[in-house]
Amino acid sequence: GNSVTQMEGPVTLSEEAFLTINCTYTATGYPSLFWYVQYPGEGLQLLLKATKADDKGSNKGFEATYRKETTSFHLEKGSVQVSDSAVYFCALQTPLGSGSARQLTFGSGTQLTVLP
Amino acid sequence: NAGVTQTPKFRVLKTGQSMTLLCAQDMNHEYMYWYRQDPGMGLRLIHYSVGEGTTAKGEVPDGYNVSRLKKQNFLLGLESAAPSQTSVYFCASSRSTGAVLGNQPQHFGDGTRLSIL
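Top line first, the protein sequences correspond to chains A and B. Read in my numbering, the first sequence has 3 at position 3, and its numbers run on one by one without any break. Read in my numbering, the second sequence has 29 at position 29, and its numbers run on one by one without any break.
Simulated from the structure, these hints should not be mistaken for lab results. Please note that the accuracy of each hint is not assured.
Unchecked claim - Far from chain A, by Cβ distances over 10 Å, these chain B residues were calculated:
no. : residue
1   : Val4
2   : Thr7
3   : Tyr33
Said to hold, decoys possible - List time: in silico DMTMM-like cross-link candidates among lysine to aspartate or glutamate, alpha-carbon distance up to 25 Å:
no. : chain 1 : residue 1 : chain 2 : residue 2
4   : A       : Lys60     : B       : Asp62
5   : B       : Lys9      : A       : Glu42
6   : A       : Lys60     : A       : Asp84
7   : A       : Lys56     : A       : Glu76
8   : B       : Lys14     : B       : Glu52
9   : B       : Lys9      : B       : Asp62
10  : A       : Lys68     : A       : Glu42
11  : B       : Lys71     : A       : Glu42
12  : A       : Lys77     : A       : Glu42
13  : A       : Lys52     : B       : Glu30
Here the structure is a predicted model, which means the values were calculated and not measured. For glycine and all other residues, C-beta sits at the position ideal for the given N, C-alpha and C.
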């Protein structure tokens with residue numbers, strides 16, 4: 001079956017530090033890959049996505065590259081800010097049954113805290 | 001810009017009580033989903049719908065029922081609540097997918113925190 005393994009947290013960094021959150025996946029076929037972010041008391045927001053191998057998703061200074069050979073989609077940011085403190089979820093999207101609906105399979109989430 | 005709205009935001013129930021969680025979206029999305037979020041487990045799909053009048057089971061459907069009578073609304077029901085259903089419930093919606101549109105991202109509500117005593 002499909003699964004996503006995410007770097008366990010919590011992760012605590014100082015402001016302007018480099019961030020990497022590891023994500024690897026197991027899936028049949030060619031899933032789309034996503035990073036979602038959840039701020040306290042809120043729902044999940046799409047951060048970035050990649051739909052095929054070697055695609056790089058980027059948004060708000062965050063980047064992740066779809067690596068089919070290593071089945072990975074690691075999240076990186078060169079200089080984190082206090083406002084980046086949140087829970088980050090890696091997810092893959094695959095077909096639901098034989099129709100066109102899609103299912104998201106999530107990793108367990110990584111809590112990031114950035115200190116000033 | 002409401003997006004996906006969930007009501008209520010919080011609820012405490014006693015074992016055996018019933019309740020309905022409401023999800024409404026104003027983006028004219030075809031697909032809607034209900035997930036539950038438990039500590040250390042990410043989100044798991046309960047039920048989903050690909051259009052008005054249609055619903056289907058996800059990964060963890062037992063103990064829940066759903067209905068999609070209107071395109072913009074997706075209801076999640078607990079007929080007889082159990083402590084194991086204590087969780088945070090998220091609704092999501094997305095455009096339909098296909099060869100032209102590709103994989104469309106899901107848009108989430110802010111969640112309903114449900115405690116079953």
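Against the 25 Å threshold, does the CA-CA distance of lysine 60 of chain A and aspartate 62 of chain B hold or violate the hint?
Answer violated: lysine 60 of chain A to aspartate 62 of chain B is near 39 Å, above 25 Å.
Does aspartate 84 of chain A lie within 25 Å of lysine 60 of chain A when you go C-alpha to C-alpha?
Holds - the C-alpha atoms of aspartate 84 of chain A and lysine 60 of chain A are around 10 Å apart, at most 25 Å.
Check on valine 4 of chain B being off the interface with chain A, judged by Cβ distance over 10 Å:
It is violated; valine 4 of chain B is separated from chain A by about 7 Å at its closest Cβ, not greater than 10 Å.
Going straight from one Cα to the other, do lysine 77 of chain A and glutamate 42 of chain A come out at no more than 25 Å?
22 Å, holds
Does glutamate 30 of chain B lie within 25 Å of lysine 52 of chain A when you go C-alpha to C-alpha?
Holds, at roughly 24 Å.
Compute the least Cβ-Cβ separation between threonine 7 of chain B and chain A, then decide whether it is above 10 Å.
Its Cβ never comes within 10 Å of chain A, the nearest being 13 Å, so this holds.
Can you confirm whether the C-alpha distance between lysine 14 of chain B and glutamate 52 of chain B stays at or below 25 Å?
32 Å, violated
Given the proposed pairing of lysine 68 of chain A with glutamate 42 of chain A, does the C-alpha separation stay at or below 25 Å?
Violated, at about 32 Å.
Given the hint that lysine 9 of chain B pairs with aspartate 62 of chain B, does the C-alpha gap stay at or below 25 Å?
Given that 25 Å is the threshold and the Cα spacing comes to 22 Å, the pair holds.
Taking 25 Å as the top limit, are the C-alpha atoms of lysine 56 of chain A and glutamate 76 of chain A close enough?
At roughly 11 Å apart (the allowed maximum being 25 Å), glutamate 76 of chain A and lysine 56 of chain A satisfy the hint.
Straight-line Cα separation of lysine 9 of chain B and glutamate 42 of chain A no greater than 25 Å?
OK: lysine 9 of chain B and glutamate 42 of chain A at ~11 Å, within 25 Å.
Interface-negative label, tyrosine 33 of chain B against chain A, beta-carbon threshold 10 Å:
The assertion about tyrosine 33 of chain B is violated, with a minimum of 8 Å to chain A.
Of the numbered hints given earlier, the model fails hints 1, 3, 4, 8, 10; all others are met.
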